[in-house]
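Colleague: Residue-level listing of the chains:
Protein chains: 2
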Amino acid sequence: MQEKQRTEIATLGEFGLIRHLTSDIRPQNSSTLRGVGDDAAVMSYPDTEVLVTTDLLMEGVHFDLTYVPLKHLGYKSAMVNISDIYAMNGTPRQMTVSLAVSKRFCIEDLEELYAGLRLACEAHHVDIVGGDTTSSLTGLAISITCIGDAPRDRIVYRDGARETDLICVSGNLGAAYMGLQLLEREKKVFEGQREAHPDFAGKEYLLERQLKPEARGDIIKALADNGIKPTAMMDISDGLSSELMHICTQSHAGCRIYEERIPLDYQTAVMAEELNLNVTTCALNGGEDYELLFTVPLSDNEKVARLDDIRIIGYITKPELGMALITRDGQEFELRAQGWNPLRE
Amino acid sequence: MQEKQRTEIATLGEFGLIRHLTSDIRPQNSSTLRGVGDDAAVMSYPDTEVLVTTDLLMEGVHFDLTYVPLKHLGYKSAMVNISDIYAMNGTPRQMTVSLAVSKRFCIEDLEELYAGLRLACEAHHVDIVGGDTTSSLTGLAISITCIGDAPRDRIVYRDGARETDLICVSGNLGAAYMGLQLLEREKKVFEGQREAHPDFAGKEYLLERQLKPEARGDIIKALADNGIKPTAMMDISDGLSSELMHICTQSHAGCRIYEERIPLDYQTAVMAEELNLNVTTCALNGGEDYELLFTVPLSDNEKVARLDDIRIIGYITKPELGMALITRDGQEFELRAQGWNPLRE
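Listed in order, the protein sequences are those of chains A and B.
Take the first sequence: its letter number 306 is residue 294 in the working numbering, and every next letter is one higher.
Take the second sequence: its letter number 83 is residue 71 in the working numbering, and every next letter is one higher.
Quick caveat, the hints were computed from the structure, so don't treat them as lab data.
Do not take every clue at face value.
Intra- or inter-copy, both count: the list cannot distinguish identical chains.
[Stated by the list, open to error] For lysine-lysine, the following DSSO-like pairs were computed, each having C-alpha atoms within a straight-line distance of at most 30 Å:
hint, residue 1, residue 2
1, 91, 176
2, 59, -8
3, 175, 91
4, -8, 91
5, 175, -8
6, 306, 291
7, 209, 59
8, 200, 175
9, 200, 217
Quick caveat: nothing in here was measured; it's all calculated off a predicted structure.
Could you put together the complete structure from these sequences and hints?
Modeller: What follows is the structure, encoded as structure tokens:
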């Protein structure tokens, strides 16, 4: 552990702390009229619709501070909410941040967390407009609400997928899950349950995918620039299978996806081999990739195929056909959502 | 303890649970375009500004389930956020609700909590449009975001109070604090630290003020109906002294308030006597009354004086004069914020 300054939070109090953490935040969006410091933030959206998404992250359930640095935690917490706004085909604009912290945390810790939050917000031009900082008996809780906008005719829901639509994903899948496996292994080392030093060499990309995910605003922009409006869209937080089931269920449709079309990074494949895991299972159920899953009309086939970093992995069917994965050897397997679910045993 | 059914949350899982708790919610506001069930909720505010406020409530810090029934907790959690939108002179419209629950809680518990949330939302015509239900290692965490609207020229901030403005409060103060004292006494009985049974007779109002506070939408309506726009406004959550300091600091002003003008309920006075507490101190620092504190131009004196349930308690001064309470015998005491602060020791 490095030596660092430790200033107790009680020295500033609630209002002092919020001022300290947010005093130099300057709004970047013209829709932000008033931010931190009143009963509510004030925004203006005369010509577009307003999108709101929220997330509550609890220490020990959603993150483990043994191996996640606070700055990365802040970055990721902001990013997963920004990702939800993109998943509606919208533009993220404002964010509120509420923290509940136990006495274990000092002001320098919260500065680290905020540094990560702000880095993510700056990268996507999001204004922090308010929040709440309070105490907790045990551990850290982070609640984030992200506000964005989109013209009504550009908003993409989950329920618009139609038969013959193409199913597309951005980036690659399973890497964030592999990064988590690496970190869990590192934790066991840390706890003295294993002897060897962890070896991250050649696996930096997996760690980055787990610790510093990027919301795919670039894909949203590329789709708009190329005149493509998805018929349905989600971000992949719980795993491809789980998200695909949401789209199919809400769209009253079925689907076929091809195992060989699922985009994988080389490091993901190597790590799966090392851990003796089926890489397709990891890509289907791993979660936390924050890539975009969307469907487009068949007529957009050529336009989508031309775009970088987007892969067509299958197509939408009639609901009677169910949801299936077609393996490399041509067999059909029914898709099941085995994604991460914090409420199951 | 009464016998009740206990269904484990794991039987429904996250998505099943959200559907179960929100399936019969029907939007009441035309600004609510899409609620629960997508990456984000969608709202439309073409002609007014958007207000957003958020709160994170932690078990053991903000509420004690030994004496607060879950339905009341839900009601109060919603109400305190609704109150923040009124405090901007706005109209509350939508709400997102995130819950983190430990295994101690069952589905019936969350139904109770939601029943209270919904009762508060229905009373103020607020739509529940989204949220998150997840697990926690210890206890219950509730994060609520409330969204509202107001025409730009009607929004009231904290920084608009000017010299000679009149300081007004709605309702009466200190009752919620007295209700808390009653419940704390009851808890000691429950824990066997006292022998006698608690006696709530004649103190029902105090309990109600603590357990079932009402956001003062009626006052906002009365002010508008009578052509009064406050120059500054807040809701009283942390105590009159603390809130008055916010207004004076942000407005670069001082104030004088009169002890004899602070509105008190008869039950508050009786209870203070019983507990050997100074009733003025309780009214100044008690908090959780969720009454409105606002300032109006001196020229609105007659209009305000005619309104029910509003009391003029003092006036705004130059900043050099500081903030003071003038006691019944004419002495001046400097006001200090001793309100509840979860981050101080």
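Colleague: Hint by hint, note whether the structure agrees.
Modeller: Hints, one by one, checked against the model:
1. When the C-alpha separation of residue 91 and residue 176 is checked against a cutoff of 30 Å, the pair qualifies both within a copy, at 26 Å, and between copies, at 26 Å.
2. Only within a single protomer do residue 59 and residue -8 lie at most 30 Å apart by alpha-carbon distance; the minimum there is 15 Å, versus 45 Å between protomers.
3. When the C-alpha separation of residue 175 and residue 91 is checked against a cutoff of 30 Å, the pair qualifies both within a copy, at 24 Å, and between copies, at 25 Å.
4. Taking identical chains as interchangeable, the C-alpha atoms of residue -8 and residue 91 lie at most 30 Å apart only when both belong to the same chain, with a minimum of 16 Å there against 37 Å between chains.
5. Taking the shortest Cα distances, residue 175 and residue -8 sit within 30 Å of each other inside one copy (22 Å), while across copies they are farther apart (42 Å).
6. Proximity of residue 306 and residue 291 under a CA criterion of 30 Å is satisfied intra-copy only: 24 Å inside one chain copy versus 66 Å between copies.
7. Proximity of residue 209 and residue 59 under a CA criterion of 30 Å is satisfied intra-copy only: 27 Å inside one chain copy versus 45 Å between copies.
8. For a Cα distance limit of 30 Å, the shortest separation of residue 200 from residue 175 inside one copy, 18 Å, qualifies, whereas the shortest one across copies, 46 Å, does not.
9. Taking identical chains as interchangeable, the C-alpha atoms of residue 200 and residue 217 lie at most 30 Å apart only when both belong to the same chain, with a minimum of 28 Å there against 47 Å between chains.
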